[in-house]
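Based on the sequences and whatever the hints tell you, model everything.
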Amino acid sequence: MAFKRSDPTRETGGAMPIPVKIVVAGGYAVGKTTFVGSISEIEPLTTEASLTSHSAGVDIAGAASKTTTTVAMDFGRIGLGDDLILYLFGTPGQDRFHFMWDDLVRGAIGAVVLVDTSRLEDCFAAVDYFESAGLPFVVAVNAFFGRIHHSLEDVREALAIPAGVPMMVTDARDRASTKATLLELAQHALANANAPS
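As numbered in this note's numbering, residues 430 to 626 make up the sequence shown, in order.
It should be emphasised that the hints constitute simulated quantities derived from the structure, not laboratory data.
Hints may be right or wrong, so weigh each one.
As the list claims (entries may be wrong) - Ranges between beta-carbon positions, derived for each pair:
(1) Ile447 <-> Glu550: 19 to 29 Å
(2) Met445 <-> Ser580: 21 to 31 Å
(3) Gly536 <-> Asp512: 14 to 24 Å
(4) Asp532 <-> Ile447: 18 to 28 Å
(5) Pro625 <-> Phe574: 40 to 50 Å
(6) Asp511 <-> Asn623: 16 to 26 Å
(7) Met445 <-> His578: 40 to 50 Å
(8) Ile471 <-> Glu586: 31 to 41 Å
(9) Gly593 <-> Leu509: 22 to 32 Å
(10) Ala562 <-> Glu586: 16 to 26 Å
(11) Glu560 <-> Glu582: 11 to 21 Å
(12) Glu560 <-> Asn623: 34 to 44 Å
(13) Ala444 <-> Asp531: 30 to 40 Å
(14) Asp603 <-> Glu582: 16 to 26 Å
Cβ atoms here follow ideal geometry from the backbone N, Cα and C, with glycine treated the same way.
Next up, the structure:
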């Protein structure tokens with residue numbers, strides 16, 4: 430697989446690509462690490478740790494087959510054309526790691542909130558955080574096994590997502606689906622940046 434050069438110098442003498450920071454958030458085991466890994470042009474940096482018996486009652490509710498968890502962040506990168514480089518930062522999903530979110534979000538242009546429709550309550554914290562921070566975000570319902578348990582309209586209503594926030598179905602395992610989600614976020618963030626205050 431061919432990758433764009435990491436060296437910021439341009440061989441063509443054109444404009445430098447614009448670096449853009451995007452956050453990928455959501456509940457525990459919703460697919461954040463998979464989302465970042467499916468699109469990253471570099472080997473993603475992950476901070477996965479094995480689950481322990483001490484976390485059994487906290488971390489594995491609703492995701493019993495999961496054996497690891499993100500304890501700090503996931504990091505990936507993708508170039509979109511010659512003029513944009515997206516730096517992706519995946520948040521840890523457990524409440525006990527939310528103290529890290531302020532640092533991970535600082536400087537971001539927007540966020541993707543991944544949702545598992547079988548555990549809607551797990552993404553309330555992410556939605557609330559980005560609404561409170563005034564950070565543009567999109568809601569991407571992760572289609573586990575190719576299906577979702579509720580319609581996008583039902584998810585919007587259950588999470589009280591404002592009408593102006595884009596919602597879509599995504600598959601965190603699929604590069605094309607992940608790319609479409611990131612493009613939607615970039616367009617939404619740009620529209621928010623250009624909106625009159």
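Can you let me know if the beta-carbon spacing of Ala444 and Asp531 is within 30 to 40 Å?
Check passed, 32 Å falls within 30 to 40 Å.
Leu509 and Gly593 - C-beta distance against the hinted 22 to 32 Å
This hint holds: roughly 23 Å between Cβ atoms.
Starting from the hint 40 to 50 Å, judge whether the C-beta atoms of Met445 and His578 obey it.
Holds, at about 44 Å.
CB of Glu560 to CB of Asn623, is that within 34 to 44 Å?
This hint is violated: roughly 20 Å between Cβ atoms.
May I ask you to test the hint 21 to 31 Å on the CB atoms belonging to Met445 and Ser580?
Given range 21 to 31 Å: violated, Cβ gap about 43 Å.
So the hint says 31 to 41 Å: do the beta-carbon atoms of Ile471 and Glu586 match that?
holds, 38 Å
Is the distance from the Cβ of Pro625 to the Cβ of Phe574 consistent with 40 to 50 Å?
holds, 43 Å
Satisfaction of the hinted span 18 to 28 Å by the C-beta atoms belonging to Asp532 and Ile447
About 22 Å separates the Cβ atoms of Asp532 and Ile447, which means 18 to 28 Å holds.
If I claimed the Cβ atoms of Gly536 and Asp512 lie 14 to 24 Å apart, would that claim hold in this structure?
holds, 19 Å
Between Ile447 and Glu550, is the Cβ distance one that fits in 19 to 29 Å?
violated, 37 Å
Between Glu560 and Glu582, does the beta-carbon spacing fit 11 to 21 Å?
holds, 19 Å
Take a look at whether the Cβ-Cβ distance between Asp603 and Glu582 falls inside 16 to 26 Å.
Taking Cβ atoms as reference, Asp603 and Glu582 lie about 23 Å apart, which means the hint holds.
In terms of the numbered hints stated before, the structure departs from hints 1, 2, 12, listed from lowest to highest.
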